[in-house]
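Number of protein chains: 2
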Amino acid sequence: MDQSNEMNGSARSWTTRRDKKAQQISKMKRLTEGRVIPTNKIVDALEILIQPGDCVALEGNNQKQASFLSDALSHVDSAKVNNLHMVMSSISRPEHLDIFEKGIARLLDFSFAGPQSLRMAQMIEDGSIEVGSIHTYLELYGRLFVDLTPNIALVAADKADSHGNLYTGPNTEETPTIVEATAFRDGIVIAQVNELTEELPRVDIPGSWVDFIVVSDKPYQLEALFTRDPRQISEMHILMGMMAIRGIYERHHIQSLNHGVGFNTAAIELLLPTYGESLGLKGKICKNWTLNPHPTLIPAIESGWVESVHSFGGELGMERYVAARPDVFFTGKDGSLRSNRAMCQVAGQYAVDAFVGSTLQMDFYGNSSTVTLGRLAGYGGAPNMGSDPHGRRHASDAWLNMITGESDIQRGKKLVIQMVETFQQGNKPVFVESLDAIKVGKDAKLPIAPVMVYGDDVTHVVTEEGIAYLYKAQNEEERKQALAAIAGVTPLGKGSGSEITEKLRKDGVVAFPEDLKIKRTDAKRSLLAAKSIDDLVDWSDGLYEPPVKFRSW
Amino acid sequence: MDQSNEMNGSARSWTTRRDKKAQQISKMKRLTEGRVIPTNKIVDALEILIQPGDCVALEGNNQKQASFLSDALSHVDSAKVNNLHMVMSSISRPEHLDIFEKGIARLLDFSFAGPQSLRMAQMIEDGSIEVGSIHTYLELYGRLFVDLTPNIALVAADKADSHGNLYTGPNTEETPTIVEATAFRDGIVIAQVNELTEELPRVDIPGSWVDFIVVSDKPYQLEALFTRDPRQISEMHILMGMMAIRGIYERHHIQSLNHGVGFNTAAIELLLPTYGESLGLKGKICKNWTLNPHPTLIPAIESGWVESVHSFGGELGMERYVAARPDVFFTGKDGSLRSNRAMCQVAGQYAVDAFVGSTLQMDFYGNSSTVTLGRLAGYGGAPNMGSDPHGRRHASDAWLNMITGESDIQRGKKLVIQMVETFQQGNKPVFVESLDAIKVGKDAKLPIAPVMVYGDDVTHVVTEEGIAYLYKAQNEEERKQALAAIAGVTPLGKGSGSEITEKLRKDGVVAFPEDLKIKRTDAKRSLLAAKSIDDLVDWSDGLYEPPVKFRSW
Chain A
47 MDQSNEMNGS ARSWTTRRDK KAQQISKMKR LTEGRVIPTN KIVDALEILI QPGDCVALEG
107 NNQKQASFLS DALSHVDSAK VNNLHMVMSS ISRPEHLDIF EKGIARLLDF SFAGPQSLRM
167 AQMIEDGSIE VGSIHTYLEL YGRLFVDLTP NIALVAADKA DSHGNLYTGP NTEETPTIVE
227 ATAFRDGIVI AQVNELTEEL PRVDIPGSWV DFIVVSDKPY QLEALFTRDP RQISEMHILM
287 GMMAIRGIYE RHHIQSLNHG VGFNTAAIEL LLPTYGESLG LKGKICKNWT LNPHPTLIPA
347 IESGWVESVH SFGGELGMER YVAARPDVFF TGKDGSLRSN RAMCQVAGQY AVDAFVGSTL
407 QMDFYGNSST VTLGRLAGYG GAPNMGSDPH GRRHASDAWL NMITGESDIQ RGKKLVIQMV
467 ETFQQGNKPV FVESLDAIKV GKDAKLPIAP VMVYGDDVTH VVTEEGIAYL YKAQNEEERK
527 QALAAIAGVT PLGKGSGSEI TEKLRKDGVV AFPEDLKIKR TDAKRSLLAA KSIDDLVDWS
587 DGLYEPPVKF RSW
Chain B
47 MDQSNEMNGS ARSWTTRRDK KAQQISKMKR LTEGRVIPTN KIVDALEILI QPGDCVALEG
107 NNQKQASFLS DALSHVDSAK VNNLHMVMSS ISRPEHLDIF EKGIARLLDF SFAGPQSLRM
167 AQMIEDGSIE VGSIHTYLEL YGRLFVDLTP NIALVAADKA DSHGNLYTGP NTEETPTIVE
227 ATAFRDGIVI AQVNELTEEL PRVDIPGSWV DFIVVSDKPY QLEALFTRDP RQISEMHILM
287 GMMAIRGIYE RHHIQSLNHG VGFNTAAIEL LLPTYGESLG LKGKICKNWT LNPHPTLIPA
347 IESGWVESVH SFGGELGMER YVAARPDVFF TGKDGSLRSN RAMCQVAGQY AVDAFVGSTL
407 QMDFYGNSST VTLGRLAGYG GAPNMGSDPH GRRHASDAWL NMITGESDIQ RGKKLVIQMV
467 ETFQQGNKPV FVESLDAIKV GKDAKLPIAP VMVYGDDVTH VVTEEGIAYL YKAQNEEERK
527 QALAAIAGVT PLGKGSGSEI TEKLRKDGVV AFPEDLKIKR TDAKRSLLAA KSIDDLVDWS
587 DGLYEPPVKF RSW
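Heads up: the sequence lines are chains A and B, in that order.
Add 46 to the 1-based position in the first sequence for this note's numbering, that's all there is to it.
Add 46 to the 1-based position in the second sequence for this note's numbering, that's all there is to it.
Bear in mind the hints are in silico, worked out from the structure with no lab data behind them.
It should be emphasised that the depicted structure is a prediction, and the values quoted were computed from it without experimental measurement.
Hints may be right or wrong, so weigh each one.
For identical chains, the list gives no copy identity; a pair is met inside one copy or between any two copies.
[Stated by the list, open to error] In the PhoX-like style, the derived pairs of lysine-lysine whose C-alpha atoms are separated by at most 20 Å in a straight line are:
| id | residue 1 | residue 2 |
| --- | --- | --- |
| 1 | K87 | K488 |
| 2 | K488 | K577 |
| 3 | K75 | K87 |
| 4 | K474 | K549 |
| 5 | K379 | K73 |
| 6 | K459 | K518 |
| 7 | K549 | K595 |
| 8 | K379 | K66 |
| 9 | K563 | K148 |
| 10 | K595 | K563 |
| 11 | K333 | K148 |
| 12 | K67 | K379 |
| 13 | K570 | K379 |
| 14 | K148 | K570 |
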């Protein structure tokens with residue numbers, strides 16, 4: 047019996063990907079005998095290795111950019127290399143979009159386009175780019191193993207040895223994930239490296255996963271995205287930070303958390319060693335963190351608040367500080383940080399009590415988005431961490447605290463905390479009847495509106511007016527009333543009646559600063575453990591080396 | 047200014063973990079000069095390297111067991127090594143619990159205890175084990191980077207070289223995740239290997255992450271957990287499989303999916319090349335899979351249905367078949383499978399259209415559990431994949447198909463499909479008023495009842511009577527009515543009125559076989575593409591080599 051041939055009709059090949067790869071690599075013989083592509087031959091190499099229609103993962107990471115390779119890709123002959131399907135977590139550099147205008151690439155699946163969000167929206171409208179989907183980081187990584195497996199990976203590392211072993215160090219980020227998905231399905235992995243050496247500090251990615259190495263003409267681009275200058279923290283941020291610490295962190299015993307990047311969360315980080323200390327909370331809250339090495343976390347670390355930090359990526363200037371604090375940070379035998387964006391997103395989704403983020407717009411039911419008219423910025427990691435993971439089964443105090451019902455079948459909930467001032471820059475109210483994201487989604491013909499965090503996942507909203515404990519709201523109408531109570535003089539807030547507000551305060555659905563025993567007049571910059579970048583350097587005993595743009599000296 | 051010292055009071059060490067590790071390793075000099083621990087010295091080595099109270103990740107994997115190391119751990123002197131905090135995804139072997147009875151270990155965080163579920167429940171009642179939490183795999187992995195970071199990892203690999211590089215091959219599973227979390231926070235990584243060689247087929251884990259290697263006295267334990275003998279597939283399974291294909295897979299265009307292990311899903315796999323082919327569905331559904339290499343998927347693969355399979359782990363006997371089908375499976379340069387449980391769980395959570403599972407009990411609102419009285423089996427991966435990930439933002443046909451409302455702010459939903467016969471073995475109804483899990487949870491003093499999949503995440507339930515499209519139910523009462531309509535002669539089903547049922551059928555909330563144009567009498571075993579293990583071997587052209595217990599010859 048040979049059913050397989052009977053059913054198949056004729057024999058088929060089961061090694062088409064492997065054969066294709068072998069063929070492409072054999073053509074490389076005219077450029078190089080080994081793994082190392084000469085720097086000045088990279089465009090030729092890409093023209094040999096990449097075929098029209100290939101699925102290409104280009105490491106446009108959140109911070110680290112495979113900038114030498116993306117530049118080279120934008121210089122290939124579009125008659126030879128075209129119609130590529132690009133898979134990129136971040137659209138950060140001009141050539142990331144140039145390749146679409148030049149016809150080298152056609153289809154894009156991505157996560158985040160912050161720096162290129164305006165041009166992205168325009169190109170979609172012009173039809174010069176076709177978008178597959180917009181993802182959170184983690185779902186894009188998942189799809190690398192399902193239906194977006196690359197034929198080609200173009201990634202960046204610090205160093206390689208001649209066997210192809212890679213050292214990615216503090217900025218390991220998502221490189222191992224992209225390389226694994228590509229290498230183990232017969233794709234071709236090309237890594238740009240700043241340096242070729244026989245003495246790697248450690249191996250982050252084994253050489254048997256890597257096909258080619260090229261030494262770049264200059265080091266890969268790296269941005270400091272998680273540094274917030276304490277000088278820009280206002281008394282309003284401080285007031286909101288005090289409310290969050292008192293009314294949320296302390297109340298719900300938040301032990302583990304992720305902070306998004308922003309001045310509100312920076313304020314909290316800088317209030318822990320002062321205001322938090324005065325409340326006797328050290329060792330009781332905020333012990334385990336998933337976040338990049340925020341410089342504003344240095345005082346809390348130095349004061350003994352922080353047990354551990356696992357990081358998505360590194361942060362420019364924090365290298366020496368992190369290396370000197372291995373009890374807190376995940377570091378390798380060489381002493382430097384090992385980040386891992388995929389596993390940190392898993393941890394941020396599933397293993398922490400709380401996510402604390404911010405937004406540009408929130409509708410009356412708590413749905414929010416950072417998408418504004420004309421800009422398609424994508425999601426990054428916020429929706430992944432800013433949602434309740436229904437698969438979670440382990441309990442913590444904070445998670446159990448979110449249970450409001452009496453049923454035998456109930457679970458806790460992750461705390462999803464949004465911190466927003468009632469007005470954005472330009473005097474625009476944050477609370478709006480309809481999110482711009484709805485119009486942007488329709489204009490870009492997206493199948494759903496690009497909402498960042500959905501209202502049904504939000505447990506708390508903090509404004510300068512107070513806290514809405516949305517997890518306690520009985521229904522949508524009460525959710526709206528609770529938001530109105532803290533919406534200040536925005537249109538939503540002005541519609542709020544004092545009788546309803548008093549009932550919500552009594553029921554604990556809303557709290558004002560006075561309900562939390564916080565005096566607004568205490569919210570002074572003198573409460574900040576560090577008031578400037580210089581102060582952060584001092585706290586670090588000189589180990590933190592801020593990038594030039596953050597220095598005042 | 048030196049705020050840090052001022053705030054700290056006195057200087058503290060930031061290298062306590064690293065110093066402790068260096069000290070433990072220096073004591074090893076009396077046993078070995080290098081990385082390799084002599085096989086007969088492993089108990090001594092563990093007594094040197096592990097300190098009382100340490101957090102120890104012992105690789106009790108789903109299939110692969112670090113059996114040499116777990117056996118050794120159960121033989122250490124509890125006067126020297128005690129009060130350990132064990133972190134284990136699977137409790138599979140007797141010594142995994144023996145160490146608690148012997149006082150070597152005290153506290154346990156785990157995911158799955160299938161083979162030891164009865165003893166586990168008993169030990170909790172006796173107080174001889176203290177359980178931290180029960181997790182899904184993915185949340186346990188997340189916590190390795192947050193608040194359950196091991197001091198010691200005891201893992202299993204196929205081969206190592208003298209530099210500590212590990213080859214884990216088809217059974218890579220969760221080894222890299224455990225090792226990464228441990229190695230990068232100054233924990234000690236000890237790997238048992240079947241063989242020490244200088245010629246690794248490939249490197250799965252870099253040597254710079256590994257501290258010690260020990261050659262085990264016999265190869266690690268490995269179980270075939272995902273093999274289902276087609277002989278045991280009944281006509282009832284086939285009928286349910288036909289309904290699932292017609293009424294769910296085809297209707298919602300399911301392209302990517304995870305199948306739990308069971309005879310219902312095995313039936314579907316074996317119906318694709320026959321019944322599915324007759325419906326013209328090849329190339330339209332079931333293209334991308336996240337699951338272990340199920341032998342029952344061979345006919346669908348050979349018939350050209352399957353584009354890709356990414357796997358949590360390997361499956362005993364499937365090694366040669368997988369290696370010969372690299373277009374479909376993720377394989378390394380050496381040709382053998384590379385599995386990765388963490389990334390496959392991410393893919394199964396976020397990147398597939400549908401999860402298809404089964405259960406032992408379901409309550410009247412669709413909540414379900416495999417926990418039954420006296421047994422605490424834990425969760426494994428089902429809750430992770432059997433829930434709607436609220437962070438998902440990319441769309442697919444199936445996902446968008448779950449939208450029932452009209453709002454501008456809405457998202458799709460993952461399909462969570464439960465397939466259950468109305469009666470379990472022993473004539474017990476599957477549909478029960480109250481899950482046993484509630485009592486088990488109370489008896490074991492768990493903070494929440496160990497529910498496997500919550501009703502509000504379930505979109506479809508299939509029984510031999512029909513399909514309940516729960517995602518269409520307007521409220522809890524209608525959800526109950528829909529389940530009653532397909533609950534047959536169980537108490538729930540008998541309470542179902544024909545008038546209500548007719549309305550539900552008309553509204554498309556319930557479908558019976560005839561509504562799907564399926565004749566019950568067509569559900570014959572002759573429809574199965576393979577009727578026995580022998581047939582599967584034939585389909586594979588002899589590449590599938592079933593373990594002895596599955597052979598009839």
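To see whether the hints hold, each was checked on the structure:
1. For the homomeric pair K87 and K488, neither the shortest alpha-carbon distance inside one copy (44 Å) nor that between copies (68 Å) is at most 20 Å.
2. For a Cα distance limit of 20 Å, the shortest separation of K488 from K577 qualifies neither inside one copy, at 44 Å, nor across copies, at 51 Å.
3. For a Cα distance limit of 20 Å, the shortest separation of K75 from K87 inside one copy, 12 Å, qualifies, whereas the shortest one across copies, 50 Å, does not.
4. Taking the shortest Cα distances, K474 and K549 never come within 20 Å of each other, neither inside one copy (29 Å) nor across copies (50 Å).
5. Within a single copy, K379 and K73 get their C-alpha atoms only as close as 39 Å, which misses the 20 Å cut-off; across copies the closest is 19 Å, which meets it.
6. In this assembly of identical chains, K459 and K518 lie within 20 Å of each other by CA distance solely inside one copy; the values are 12 Å within and 25 Å between copies.
7. Taking CA atoms no more than 20 Å apart as the test, K549 paired with K595 passes in neither setting, with 49 Å inside one copy and 68 Å between copies.
8. In the homo-oligomer, the alpha carbons of K379 and K66 lie at most 20 Å apart only across protomers (14 Å), although the nearest pairing inside one protomer, at 38 Å, exceeds that limit.
9. For a Cα distance limit of 20 Å, the shortest separation of K563 from K148 qualifies neither inside one copy, at 61 Å, nor across copies, at 51 Å.
10. Taking CA atoms no more than 20 Å apart as the test, K595 paired with K563 passes in neither setting, with 39 Å inside one copy and 69 Å between copies.
11. When the C-alpha separation of K333 and K148 is checked against a cutoff of 20 Å, the pair qualifies neither within a copy, at 49 Å, nor between copies, at 32 Å.
12. In this assembly of identical chains, K67 and K379 lie within 20 Å of each other by CA distance solely across copies; the values are 11 Å between and 35 Å within a copy.
13. In this assembly of identical chains, K570 and K379 lie within 20 Å of each other by CA distance neither inside one copy nor across copies; the values are 43 Å within and 61 Å between.
14. In this homomeric assembly, K148 and K570 never come within 20 Å of each other (Cα to Cα): the closest approach is 53 Å inside a single copy and 57 Å across copies.
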